[in-house]
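These are the residues of each chain, in order.
Protein chains: 4
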Amino acid sequence: MTTARELGLWTEGRNGLPPGPLNAITDVPGVRVGHRTLQDGGLATGVTAILPHGGDLFREKVRAAVEVINGFGKSAGLIQVAELGTLETPILLTNTFGVAACTEALIRRAIAANPAIGRETSTVNAVVLECNDGAISDIQALAVSRDDAVSALDAAAPGPFAQGAVGAGTGMTAFGFKAGIGSASRRMRIGAQDFMLGALALANFGRAGDLVLPDGRRPDPRGPAASEKGSVIVILATDLPLSDRQLQRVTRRAGAGLARLGAFWGHGSGDIALGFTTADRIDHDAPAFQPVSRLADQHIDAPFRAAAEATQEAVLNALCAAPATTGRSGRIYPSLADWAKENPK
Amino acid sequence: MTTARELGLWTEGRNGLPPGPLNAITDVPGVRVGHRTLQDGGLATGVTAILPHGGDLFREKVRAAVEVINGFGKSAGLIQVAELGTLETPILLTNTFGVAACTEALIRRAIAANPAIGRETSTVNAVVLECNDGAISDIQALAVSRDDAVSALDAAAPGPFAQGAVGAGTGMTAFGFKAGIGSASRRMRIGAQDFMLGALALANFGRAGDLVLPDGRRPDPRGPAASEKGSVIVILATDLPLSDRQLQRVTRRAGAGLARLGAFWGHGSGDIALGFTTADRIDHDAPAFQPVSRLADQHIDAPFRAAAEATQEAVLNALCAAPATTGRSGRIYPSLADWAKENPK
Amino acid sequence: MTTARELGLWTEGRNGLPPGPLNAITDVPGVRVGHRTLQDGGLATGVTAILPHGGDLFREKVRAAVEVINGFGKSAGLIQVAELGTLETPILLTNTFGVAACTEALIRRAIAANPAIGRETSTVNAVVLECNDGAISDIQALAVSRDDAVSALDAAAPGPFAQGAVGAGTGMTAFGFKAGIGSASRRMRIGAQDFMLGALALANFGRAGDLVLPDGRRPDPRGPAASEKGSVIVILATDLPLSDRQLQRVTRRAGAGLARLGAFWGHGSGDIALGFTTADRIDHDAPAFQPVSRLADQHIDAPFRAAAEATQEAVLNALCAAPATTGRSGRIYPSLADWAKENPK
Amino acid sequence: MTTARELGLWTEGRNGLPPGPLNAITDVPGVRVGHRTLQDGGLATGVTAILPHGGDLFREKVRAAVEVINGFGKSAGLIQVAELGTLETPILLTNTFGVAACTEALIRRAIAANPAIGRETSTVNAVVLECNDGAISDIQALAVSRDDAVSALDAAAPGPFAQGAVGAGTGMTAFGFKAGIGSASRRMRIGAQDFMLGALALANFGRAGDLVLPDGRRPDPRGPAASEKGSVIVILATDLPLSDRQLQRVTRRAGAGLARLGAFWGHGSGDIALGFTTADRIDHDAPAFQPVSRLADQHIDAPFRAAAEATQEAVLNALCAAPATTGRSGRIYPSLADWAKENPK
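Chains as they are written, first to last, in our numbering: chain A, 1 to 345; chain B, 346 to 690; chain C, 691 to 1035; chain D, 1036 to 1380.
These are computed hints drawn from the structure, not numbers from a lab.
Possibly wrong hints are sitting among the right ones.
[What the hints assert, rightly or not] Covered stretches of chain B (in silico footprint by chain D; criterion: 3 or more residues with CB under 8 Å from a CB of chain D, positions within the stretch not fixed): (1) 578-590; (2) 628-635; (3) 638-649.
Just so we're clear, the structure is a prediction, and the values are computed from it rather than from any experiment.
The C-beta atom is built at its ideal place from N, Cα and C for all residues, glycine as well.
One chain only, chain A, in its complex shape (with noise of 0.2 Å):
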């Protein structure tokens, strides 16, 4: 697995944050992440679970914030998030006509811990979101099982993981490259303790020909530069207790870190932020009233950038770490790795 940065393609300036130590979403401490990846005939999908921590999410939910960028997109969940301001389930990435398989495996595996749930206690909010891999896979075949969801579920664990044409990304392209599921990670230092922001993008957008770099090139593919479509899902999560309004504005940040890459959130592509934070959960039988801590407005500007250096990055390293592959038309979606190697600075 190729990255970003080992590739020189990422620069900043001089207020650019650190990454964390794996530069990927499972910096932020509790955060697992798992793949289920489907490849054979003429499927090249998936499944990919981010975990915001390691227990009973009905019972321990944590604070989410949903930015809808441009809301071409069949996810699941969304609605409540937004209302609600919690997650209550994993969070399963999938293919756009893989939504429903893996809303009901978050339903059945939630009833099975919680046998409370739509009866003596409220249902659950299942939250999955997809990008449409139809140029790589048979998206008609509706492939995705619910037992592809459980295991992509299975297999989340701390730590690193894989990136690029793995899970959820097994099909997807970006800029007219292969692209997939990248992460990045940033520290930030906020009245004398280290907080951590991660990213993971589920990138499927881009037209031919738009892809920006950090230090201005274009690569291109050469391949047609047919309207941008796809989508792009971003994943951020974070340790740093956020308001709900503070975290709705950080998420709102990985619009940028998209628009940085050459992106302006085209027509047809789901462009859609989903953010939690790990501080501060909310036990599903909460007491009236409890402490939690309250960031200054002051120092939130370091989660803003975060956001937006994150998103750029884990874009990025979608690009890099998915090796060339042919679609269903016969187009070939080149390699960035392959690219930057045949183009050095």
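Using the hints, position chains B, C and D against chain A.
What follows is chains B, C and D alone, placed relative to chain A:
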């Protein structure tokens, strides 16, 4: 099927609008409604389908708007409707855990009719809304299947349709009474032309003791005043040409209709309105520019009023049409029609 | 000053909440209200000031939320409140063309108290809301001056305050009746503690013939049922610790209170609610992290209900407290108190 | 006046759109721009007027949309634009504390032209946007008067106009450089017709060290990297017929243009975009139904791209056109044009 008007429960002021001939959403030309009811064992659930017109919605989309009054809900497809303002599948209503099956049914049906979906053309956005019928039905059974969704779609027809404890409304309750599906409509005269606006409510909301009738009486089911849960879905249909913005504003007024019933859009209630207009449809392969009609804002109070009134009466009709039922816990949900007969004015 | 309760116009169900001792927004500890009334020649206008506490709001901000129910309005400062969730000046209410003068008064007053504003520290966000009193007063006179704003601010005091045709409410009408300023409050018991929520309405909305009393009666002023214009501003105050998101959701419920009165949030009516909590204030130079209190969502129906009820009763009180008046065109705006006396139940 | 293209600072990829003949917002037929500059003593401020057409905007409104990218701002009139989607006065840009005077100037001017305002017809919604020029000018002086606003309005003319440190841009800075007013435009070919989209930026944002040029270079003014403050206002104009929803989505893409410059929409920066289309105007007394034109969504990537590119280049032009200046604290804000000459590629 008894209606609020038949029971003398509808009163209005001097500015009220007249209902259409059916006083139902199917007064809007082209609109079809169909039910699939599941009722045996511990089950009392189902699916209700609303079709904006009789053709292929993917090819001939209608314009739509979403108003999330209180987003404690697990619907599918709303993010894209909010972004694009179009509806490209029928609308299905069901119970909370039936959304995935209904979504998949809509996707498969759209692909069968349009094999280019997800291949030569974009994917398809299935729209499914839900309430939690767990007070009466065993929601953990995940009993609603893709076949049930297909049955409701196949049953859809213009003209009068069953209301009360039927289709998605089979297991629903509101304000401590048995409730379910209800509908109403209003005729508007604008610029020497008549237009229709219809509402269909899936009513499953409101705390016992909170219901207020148009005449100010407060029917109390005498059961425990549990906290407001459940949800209510309001579908608004019109043949009035409305801009995207106007349609959004009209749809928002469903919330006013709910509030007039005594609701305050409770925390645990997923109160969502979806409005569509059958005017100025959008062909999937539309030319670059198309002539459409724009309503002057000066006339928009008519559909505003119609939306509030029709929503209010649709919920009352849902309450009046449903017979008394015993819930899973043994609690009795009385019939508002019975209350009305026992409490003449 | 007559109130709706004194006239027997308030009725409620079994879940209703009790009012505070003053049944006014000043039941919330620290909140102050002051009026400046301009009434001579063709003028019937003024300014009303609401102060969340007695200190310097720029130094000690309160958290606030805005709900634009229908945005046909010309208020100042709401964009920043919506983004940051803080209020750093008193709130001024006035007529539509008085906003600029009131804004400047607030800016100058803040600078006088904090000479660092716009120099060593940020600028200041003045919050002014308005309704159009042109039916009674000559709005083209732009009669409200900075001095009038200062007078209202200087007059602000805790405790009971004048309601009806006073301050910003001097020239306002609603549902064809004379209206103006009204207020109400509710006491909530949460986790063994009592909290207060108060509403102050500047009522200038609703079409003649649309008003519905809590008992279902529809007082008709017999004037022409001109289209709904005007506007209504609702200020909600509480001492309950609410997260930014919770405060937003509570503030949204003002719209439910308006709808219960028969309004449908008419096109030409700028219906805007601004809510603030005096709990967990924000120091202008806050430390990086501060301990605050978080309310469990399970308890939020209490402030939801309080917001809807207090808004509804505040408007009724505005109607009951205002004497009959003749408008600029000669139209008579009767008094709801007179109607109530002539129409005993 | 130097431009980014003249200095070789503009580069683009293969999908870039060509600029209009003036590469300015006035390439959109009918659009006019005028300045009033105040520069003496400690003052360096002013007013810039943008007129969508040469007629009476109250009588002949244009459709408009607002995108609040980061709402730390004190603009006037945006709430109503967001609700109704119409612009009925010219747009004025000024400093933060000049908003009230500009608002009143617009109101008085509208009343003078339409004596029915606030009497026989509705009031008028003045639109004024602002940035804080306190780093260079004494903002506490509240120096901008109604007469200054009138001067800017009277100066408005079609064709080329001054950019850089002029009008509202006189005292503005960005990324540690002197900045101010800048503009750019793009030509779009849709359905065999040419359309224009223009941007005008009031650039006063971005932390020193964060600016990224299209070629990847990072000009550093070497001053202290104070936290991002200031603000940026982007006005987008087009003659393309766009629905309200489409116009909103186009306007949102201004944020992408800002992010490409290295901004992350900082906390203290009021980043606001307002877009309008001169197509399908709305007569104040429009008939009930009017024929208008609808663009197919498949073509909307063209104005999306144009909005992002024109915004990015407009800010660069603001930076290139402004000469080096010394701030109130003695800090020097260098000229990007000087930097470009000293740093040839």
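**OP:** List, from low to high, the hint numbers that the structure doesn't satisfy.
**Re:** When the structure is compared with the hints, none of them turns out to be violated.
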